[in-house]
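A.B. asks: Protein chains in written order, with this note's numbering: chain A, 1 to 398; chain B, 1 to 398.
No wet-lab data here; the hints were simulated from the structure. It cannot be assumed that every hint is accurate.
For chains that are exact copies, the list does not tell them apart, and a pair is met inside one copy or across any two.
[Claimed, not checked] Restricting the straight-line Cα-Cα distance to at most 27 angstroms, the calculated cross-link-like pairs of lysine-lysine (DSSO-like) are:
{"no.": "1", "residue 1": "Lys213", "residue 2": "Lys90"}
{"no.": "2", "residue 1": "Lys108", "residue 2": "Lys293"}
{"no.": "3", "residue 1": "Lys368", "residue 2": "Lys79"}
{"no.": "4", "residue 1": "Lys192", "residue 2": "Lys333"}
{"no.": "5", "residue 1": "Lys108", "residue 2": "Lys157"}
{"no.": "6", "residue 1": "Lys108", "residue 2": "Lys162"}
{"no.": "7", "residue 1": "Lys293", "residue 2": "Lys213"}
{"no.": "8", "residue 1": "Lys368", "residue 2": "Lys157"}
{"no.": "9", "residue 1": "Lys392", "residue 2": "Lys14"}
{"no.": "10", "residue 1": "Lys151", "residue 2": "Lys7"}
{"no.": "11", "residue 1": "Lys90", "residue 2": "Lys162"}
Note that the structure is a prediction, hence the values are computed from the model and not measured.
Number of protein chains: 2
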Amino acid sequence: MTIENFKAYAEQYKQNLLDDVVPFWLNNSQDLAYGGYFTCLDRDGNVFDTDKFIWLQCRQVWCFAMLYNEVEQKEEWLKCAIQGAEFLLKNGMDPQGNWYFSLTQEGKPLVQPYNIFSDCFACMAFGQLFKATQDQQYAELALRTFQNILKRKDNAKGQYNKLIAGVRDLQGFSLPMILSNLVLEVEHLLDKTLVQETIANTTDTILNRFYKKDLDIILENVGIEGEFVDCFEGRLVNPGHGLEAMWFLMDIGVRNNNQQLIDQAKDISLSLLSYGWDDTYGGIFYFRDINDKPPLQLEWDQKLWWVHMETLVCLLKGYLHTGDERCWEWFEKVHAYTWQHFADPAHGEWFGYLNRAGEPLLTLKGGKWKGCFHVPRGLYQCWKTLEQLIDKQEKTNN
Amino acid sequence: MTIENFKAYAEQYKQNLLDDVVPFWLNNSQDLAYGGYFTCLDRDGNVFDTDKFIWLQCRQVWCFAMLYNEVEQKEEWLKCAIQGAEFLLKNGMDPQGNWYFSLTQEGKPLVQPYNIFSDCFACMAFGQLFKATQDQQYAELALRTFQNILKRKDNAKGQYNKLIAGVRDLQGFSLPMILSNLVLEVEHLLDKTLVQETIANTTDTILNRFYKKDLDIILENVGIEGEFVDCFEGRLVNPGHGLEAMWFLMDIGVRNNNQQLIDQAKDISLSLLSYGWDDTYGGIFYFRDINDKPPLQLEWDQKLWWVHMETLVCLLKGYLHTGDERCWEWFEKVHAYTWQHFADPAHGEWFGYLNRAGEPLLTLKGGKWKGCFHVPRGLYQCWKTLEQLIDKQEKTNN
Numbered sequence: 001m002t003i004e005n006f007k008a009y010a011e012q013y014k015q016n017l018l019d020d021v022v023p024f025w026l027n028n029s030q031d032l033a034y035g036g037y038f039t040c041l042d043r044d045g046n047v048f049d050t051d052k053f054i055w056l057q058c059r060q061v062w063c064f065a066m067l068y069n070e071v072e073q074k075e076e077w078l079k080c081a082i083q084g085a086e087f088l089l090k091n092g093m094d095p096q097g098n099w100y101f102s103l104t105q106e107g108k109p110l111v112q113p114y115n116i117f118s119d120c121f122a123c124m125a126f127g128q129l130f131k132a133t134q135d136q137q138y139a140e141l142a143l144r145t146f147q148n149i150l151k152r153k154d155n156a157k158g159q160y161n162k163l164i165a166g167v168r169d170l171q172g173f174s175l176p177m178i179l180s181n182l183v184l185e186v187e188h189l190l191d192k193t194l195v196q197e198t199i200a201n202t203t204d205t206i207l208n209r210f211y212k213k214d215l216d217i218i219l220e221n222v223g224i225e226g227e228f229v230d231c232f233e234g235r236l237v238n239p240g241h242g243l244e245a246m247w248f249l250m251d252i253g254v255r256n257n258n259q260q261l262i263d264q265a266k267d268i269s270l271s272l273l274s275y276g277w278d279d280t281y282g283g284i285f286y287f288r289d290i291n292d293k294p295p296l297q298l299e300w301d302q303k304l305w306w307v308h309m310e311t312l313v314c315l316l317k318g319y320l321h322t323g324d325e326r327c328w329e330w331f332e333k334v335h336a337y338t339w340q341h342f343a344d345p346a347h348g349e350w351f352g353y354l355n356r357a358g359e360p361l362l363t364l365k366g367g368k369w370k371g372c373f374h375v376p377r378g379l380y381q382c383w384k385t386l387e388q389l390i391d392k393q394e395k396t397n398n
Numbered sequence: 001m002t003i004e005n006f007k008a009y010a011e012q013y014k015q016n017l018l019d020d021v022v023p024f025w026l027n028n029s030q031d032l033a034y035g036g037y038f039t040c041l042d043r044d045g046n047v048f049d050t051d052k053f054i055w056l057q058c059r060q061v062w063c064f065a066m067l068y069n070e071v072e073q074k075e076e077w078l079k080c081a082i083q084g085a086e087f088l089l090k091n092g093m094d095p096q097g098n099w100y101f102s103l104t105q106e107g108k109p110l111v112q113p114y115n116i117f118s119d120c121f122a123c124m125a126f127g128q129l130f131k132a133t134q135d136q137q138y139a140e141l142a143l144r145t146f147q148n149i150l151k152r153k154d155n156a157k158g159q160y161n162k163l164i165a166g167v168r169d170l171q172g173f174s175l176p177m178i179l180s181n182l183v184l185e186v187e188h189l190l191d192k193t194l195v196q197e198t199i200a201n202t203t204d205t206i207l208n209r210f211y212k213k214d215l216d217i218i219l220e221n222v223g224i225e226g227e228f229v230d231c232f233e234g235r236l237v238n239p240g241h242g243l244e245a246m247w248f249l250m251d252i253g254v255r256n257n258n259q260q261l262i263d264q265a266k267d268i269s270l271s272l273l274s275y276g277w278d279d280t281y282g283g284i285f286y287f288r289d290i291n292d293k294p295p296l297q298l299e300w301d302q303k304l305w306w307v308h309m310e311t312l313v314c315l316l317k318g319y320l321h322t323g324d325e326r327c328w329e330w331f332e333k334v335h336a337y338t339w340q341h342f343a344d345p346a347h348g349e350w351f352g353y354l355n356r357a358g359e360p361l362l363t364l365k366g367g368k369w370k371g372c373f374h375v376p377r378g379l380y381q382c383w384k385t386l387e388q389l390i391d392k393q394e395k396t397n398n
């Protein structure tokens, strides 16, 4: 690769982030009446539903605080993050400090805290916002929420768990995956031992429970000892989930100066990607069944924005830290598919949901599950990783 | 239409039922080791998952008992129904008599009774089986389950309800719809007043709460007073659900000799069908948003077997009881689409899930939600309705 190559890509990711995606959310999503954000935005940014989903509220706080911290100290970015955070502080939690799943536009609670993913994204948001403001109440809330997650994590659904205990106990990949990122996100708030322990636990869980050596694949649900369970949930593979987790592990590898971990995460990524890739139409499948049985998910063959974005981040980090040329080849292939099908230069932001053939299935830019998160975070990560590749190349050239 | 027309169609439905679909389930689905049925069957009938979903277990008991009662007293049909019923009696209920959602192959409970749809299908199954056997324990269980449904119906999800009460209370279409059919199914077990009340209530709820005159559409969720609620759930339309309910209402109309009810149900059916029809690829959409906003359901544009089957039943009954030629025209159009895309003469039974363009998205013949129910029930209903059309035509000709 020439340095010009890297520079052109870096410019594309940076420009899309700063000139397109960030303004799209800044201008269209803020609720100036009640605070917080509208995330249900149609193709050109108009609001089509006013409910407020805590995951996405928190993720947008995180995103604007992160941009303020890492890209430029723009007042409007910080203001956007703070107004969302204040809305959340006022309305987001039940009396026990558990984060609801969703609220009305005005902030009334709609859906109970039936799992702890809202809490994970709240912790991430307030941890990042503390960095921007040094406001101690944000730090305390992030820390309290983190401790609550650890407390609740083995029975995260509580009364809402429909499974009968002891018959077929499964553990899911989502929580260890999120924790492996969250622990670095809020490292500045935690004591060293807890950080080391959490890193060690989540890394071990991901690599020794969910990653299956014989299959060279990460499963979405495994038994309590990590064993394969032959049922719909146990056979499920979500390649995008695994690819996202692999760049979280690479970040841990960089932090801990653990090249072996980075190499392993890169190898697993390449395996997941070639397993998840649709050779007929291009793009990465949303779900597959490891035994090629029919999956439960009717959306299994769709192509989702976050899957592709997280894969791009993963491939660039893999290339930067290992030099494996297959990462770069795959990056160019996934980049071409992604920008051709997801980006929307006409109206800004990205489409979220494509059918198997790559046509938009829904033309929304945001909804119940897509908000201001994967696209801007991924663009930022790709841009910065490409800059590191440029630096590295410049050093090699000199 | 000529009488030969009707006869050819009647023969097609009858033959597919008796020579293809019924043997498919009889031969492939019975679990001779533990009792009950495998419903996860791939294209050629091989079992790909052994979990037992109570909805589908009950529906298959109902189906074979109904065939025994209505078509022919075949010993193997009754045996098939009874062995499933005995498995359910032994394993299907919690200590309070609520029906679980699913069991392992051996019959251990896997998923709690988190709503009352399992109970509805259990009631239907045991009510029908009582007709075949006159075994009093089946009648008692059906009756007890019916009473439990009425008791639980206003708080059907119990502790599993994630919605916060009093903020945005909605009522769903599924339960009144199912009750409007169930009450006729188990009429022989209920006292007259309860039957009349239930018929009156469900008919009123469907036509005056869920059916919206101004839109000429049935909504899937409405407010407590039947008002439109502008949120994802409130905007949702499931055309197949509405069409299925309309033939339930026609059956009530026939029972009560209420031509006005039949006419209205037929008119609503035609409206729902033209609203739900995909003018580009043919077939009926699974979901739409009444305001043309993006629906939550990523599977919204898919074509599902039961939607098409229930529509065929509805159109034939509408035609038989009203003579509206539009019913027959639509019947021929939907019939052509359905038999071209869903039927599978190579391996038997029907495909369940097609993508928008009409290609099988999953090649399974049964799964977690598709079992021995809509196809055989619909084939039977169409066959018998076509026979009534033949009779009627013969009388007219004489």
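A.B. asks: Hint compliance check: list the failing hint numbers for this structure, sorted ascending.
C.D. replies: Going through the list in order, the structure violates hints 1, 4 and 10 and respects the others.
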